[in-house]
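Visitor: For this one, chain Y is given, so just place chain X on it according to the hints.
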Amino acid sequence: MAQAFTKAMARNIFYGGTVFFFLVLLALTFQTHREWPELDNRQAINDVVTLGKKVWEDNNCVGCHSLLGEGAYFAPELGNVYTRLGSVEAIKGFIMSRPKEGIPGRRSMPQFNLSEEELTAIAEFLKYVAGINTAGWPPNIKG
Amino acid sequence: MKYQSQKVAKLYFIAAIGLFVGQILFGLIMGMQYVVGDFLFPEIPFNVARMVHTNLLIVWLLFGFMGASYYLVPEEAETELFAPWLAHLMFWVFLAAGAATILAYLLVPYAALAELTMNDLLPTMGREFLEQPTITKIGIVIVVLAFLFNIGMTILKGRKTVVNLVLLMGLTGLAVFFLFAFYNPTNLVMDKYYWWWVVHLWVEGVWELILGSILAFILIKTTGVDREVIEKWLYIIIAMTLITGIVGMGHHYYWIGAPEFWQWWGSIFSALEPIPFFMMTVYAFNMVNKRRRNHPNKAAVLWALGTAVMAFLGAGVWGFLHTLAPVNYYTHGTQITAAHGHMAFYGAYVMIVLGMISYSMPLMRGRELCNSARSQSLEMWSFWLMTISMVFITLFLTAAGILQVYLQRFSDNPMDFMVVQDKIALFYWLREITGVIFLIGLIVYIASFFIGQDEPEATVEPLK
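These protein sequence lines map, in sequence, to chains Y and X. Here the first sequence is numbered in our numbering, starting from 64 and rising by one per residue. Here the second sequence is numbered in our numbering, starting from 4 and rising by one per residue.
Only chain X is shown next, with the shape it has when bound in the complex:
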C-alpha cells in the first residue's frame, strides 16, 4: 500500500462481505421456499426474501466496486485520494441507507413501504431489482455522484493510466444508466424497454469495464507483466464487450412487445457476447504464464484466474445457451435464466471483488505482500468450495429448467406451472443442499481473515 488514503477501501470491503453473508442466508431461505412452500410464510413471503437476496447482491457489489476503486485509483494515479473524508462520509450514508432499506423490506409490508416513502410522487418501485423506495434511489444517486467526483478528481490530479480511465468510464456509465430507473411509464412495454437500459447496460455493459480494469490492476501487480501489454488486452476486451453488448441488449426485446426485428439484431450480437469473455480467459492465463515474478499472494492470483474462467462459463457459455431467439422462445422466464444469472454474477462480479479484496486486504492490514500460508490455504479452500458449489447450483437449475421447458412448454400435453414445479422438486432440493455448501465456503472465507494472522507471510521461490 503506497498511499494512506487507500485504506478507506477496508471499510467498504468489510461491509461488502457482511452484506454478502446476508445475501446467501436469504438465498437459502428462498431455496427452501421452492421446496417447502410455506417455509416462514407469511412472515417472510418469497417476494421479500428475493428482494433482500437480489438487492443485497447489488449493494454489496457496489460496496466492492467502490472499495476497489478507492484502493486502486490512488495507486494508479500515484497520489493520495482527493477527499478521504468524503469517502468515509459516503460509506456511512450508503451503509445506513442500504440497511434501512433492507430492514424496511423485512419489517413493513411492501405496499405500506410504498405509501410511507410517497412512491406516488414519482413511482419507481415494484420493478425487478429496482424495488428500492424512490428516496433510496435518490440516495444511491447522491452517493454514487460523490464517489465519482472523488475518484474523478483523484485521477485528474494524478497520473492518467488506462486502468484508471477504463474504470472511470465504467463507473460513469454505471451512474448515467442508473438514471433510467426513474423512468416508469404506465405503458408496460416502454417501461420494460428502458428498464433494461439499467439492468442490461449495467451487467452486460459498463460493469464489464469495471471488471476489466480491476482484473488488469490485479494482473499488473501480481504478474509484473509490462503494463503496455495488459492495457492493450484491456482495450480490445472492452471494445468487444461494448461492440457486441450494446446491440446485444436486443436479446431481451424478443417477447415484450418490441418489434420483431430485434430477434435478428439480438440473436446475432448477443451470440458474439461470449467472445470478450473468452479473450479474458486467454489473457488472464497468458499473463500469469508470462509472469516476470512469482507473487506470494497465490490466493489473489487464483481469484483472478477463477473470475476469468467462471465469467466465461456463466456469462458467456450459459448466456449463449438461451440467447438465440428460437431457443429463447422456449426458455424465456424459466429456471434456465436463473441458472445463467447465478453463475454469471458469481463468476464476473463476485469473484472479481473477492479477488481485489484478496490482493489488497493483507496490505491494508499491515502485511508487506500477502497473508500467511495458512490463511491463504483456507482462502483457497473457500474459493473451491464456493466455486464448485456454484457450478453445481447452476447445473441443477439448468436440469430443472430443461425439464420445466419440456413439461410446461414443449411436450404434447403441457402441464400447469405448479404441477411442473412439483415434478422438478428433486433438483430444487439438490440446489438447496449445494447452497448450504456454498455457505460453508463463505464461512471458511471469513475464517481466513482471522486464522493464521499471527503467522509470518507466505514466501515463494523467485522466478528463475
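Just chain Y, same shape as in the assembly:
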C-alpha cells in the first residue's frame, strides 16, 4: 500500500465505516418492523400456533427439514407443506403414520408419539407459516 495511506486512516475507515453501516442496519431494521404487519401473517398467530412452534422446536424438526429454506437439507422444505399436502388433516396423518423402526435402507421420519393436541398444533403452525409473504419463494410446490 502507498505510504500516503497511513495506519491512522485505515483505523478511521474501520471505526467510521462500522458505526455508519451499523446505523444503516438499524434504520433498515426499523423500516422492516414497520412493514412486517403486512407480510408476516401475524394475524394468524394464536395459542394453537404458539403451541405448534413449541412442538416444532421441542422435537428439533429443523434438524432434518428446512423451514423457509433454513435448517437442514435432509428432508423436504416445510414452509409450503400446508399448500403441498393441502390440509391440516393431511399433515397430521403423515406425522402419525411414521413407522417406529424406520424404513429399511431409506430415510424415514422418526415416530414422535405426539398427542392429538400437539399434532393439531404443529399442523396449524405449518399452516401459519404457509401464509407468510415470502416474495414468491419457493419457486414451485416441491419446495
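FYI, nobody ran anything at the bench for these hints, they're computed from the structure. Among the hints, a few may not be true.
[As the list claims (entries may be wrong)] To be clear about the criterion: a stretch of chain Y counts as covered by chain X if any three or more of its residues have a C-beta under 8 Å from a C-beta of chain X, and this derived list gives those stretches:
1) 114-128
2) 150-161
3) 200-206
[As the list claims (entries may be wrong)] Taking lysine-lysine pairs in the DSBU-like style, the calculated list, with each CA pair at most 35 Å apart, reads:
4) X:224 to X:467
5) Y:70 to X:467
6) X:426 to Y:70
Here the structure is a predicted model, which is why all the values come from computation and not from measurement. We put the CB at the ideal spot given by N, CA and C, even for glycine.
Guide: Using the frame of chain Y, we list chain X on its own:
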C-alpha cells in the same frame, strides 16, 4: 513463549482437537445417512447427528479462539495473564458443560431434554445451531464473560497493540451478539430475523475480526515484517469486512417474510463481501514474500497462507456464487448452501485455529521455535489431505446442489424432494468417501504431535 501463563492455551487446544475428532466422526455418520437412509436409525436419528456435528464445531472453535487469545494476548500485552486460575477454572466448566450437552443430545430424546431443562421457562431450543438447552446457553454466557474479563484486564494492564484491540473487539462482539440467542418470539419471521444477528453477525462479522487478529499475530511472528505494516492491513481488511458484512446480512432476508427491499441491499453489499477475503490473501502472501527472516516453523506459515486462500474460496467465492437474490431464489436451502458452509468454516475458522496451534504448541511443549522436520512434514501432509478433501467435498456438494436445483426447482417437470435425493446419491457417495480421506488427514494431524518429538528442531537457511 515469553510468559508462563500463556501455557493455559495448551489445555484449550487439546480439548479443541479432541472435539474436532468427534465433529468429523458425526459428519461421517450424517454423510452415510444421506445415502443409506436407515443407518443407525432410530438410535442416532439424522437430526441428532447433525446437532452433534454442528455444535461440536462451534464449541471446538470457541475453545480454539479462547486458547489462541490466552496465548497471544499476554505476549502482545507483554504481561502475564490477569488471572490464570480463572482461565483454568473456566476451561473445566466449559468442557463439562459442553460434554454434558453433547451426551444429552445422544442419550435423551430431544423433547425430553427440553422438558428436563425446563425449556418452557425461557424457550430458546430447537433452532438451527442454537439447539443447546437454555441452561447451557446461560453457561456459555458466563464462561465467555469470565474469559472476556480475563482477556480485557490483561490488555488493560499491559501494552495495547492493534492485534489485541481488534481481537478484543471481535470477542466482545461474539459475546454481545450471542445474547440474541435468548430472543425467540412465536412470530417466526421475527425469530428468524434476529436469529441471524447471532449467526451472520458471528461468522460474517465479528469472527472475522478474531480471524484477522490471529492471522496478524502469526504473520508478525513468522515473517518479522514491521508491525506497522501488518496492522495497517489488518485495519483495512476488517474495515471492509464490516462495511460489507453488516448490511450484507440482508442476503439472509430475501425469502423469510422480510420486506423485498432487502433483495437489493443484501445483494449489493454481500456481493462485496469477498473483497476483504481477497485482500487477506494478497496480504498474507505479500507479508511472507517480504519476510525479514526465514522461520523454521514452515507448517505454521503453510496454515497461515492456507487459511487466507481457503477463506477466500469458501467464504468469498462460494458465498458469492449464490448470494445474488435472483440466483438465491433457486439455490436457497439446497446443497449449494451446504457446500459453501463446509469450505467457508474450514477455510476461515478451522484453518486459523490449526495455524495458531501449529505456531504455539511446539513452544508450549518446550521447543525453542518449532517442531522437528519429521513432525512438520507429517503436519503438512495432514494440511494437504484435509484441505484437498475439503475442496472435493465442496465440489461434490456443489454438483449435487446444481442438480438438485435443476431437477427440483428449475426444470419443466419438477420432481419431489426425495426423488431428487435418490437421483443425486452418486455425489453424496463421493462426498462420503472424500470425508473418510479428511478423517485420515485428521489422524495424520494428531500423529504429528507424537511422531518426531524426540528429534531435534528443524532449521532453515537464514534469509540472505
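Visitor: Now, for every hint given, state plainly whether the structure supports it.
Guide: Status of each hint after checking the structure:
1. 114-128: holds (count 11)
2. 150-161: Three-residue rule not met by the segment 150-161 of chain Y, so violated; n is 0.
3. 200-206: holds (count 7)
4. X:224 to X:467: Since the Cα atoms of residue 224 (chain X) and residue 467 (chain X) sit roughly 19 Å apart, the hinted pair holds (cutoff 35 Å).
5. Y:70 to X:467: holds, 29 Å
6. X:426 to Y:70: violated, 54 Å
Hint compliance for this structure: hints 2 and 6 are broken, all remaining hints hold.
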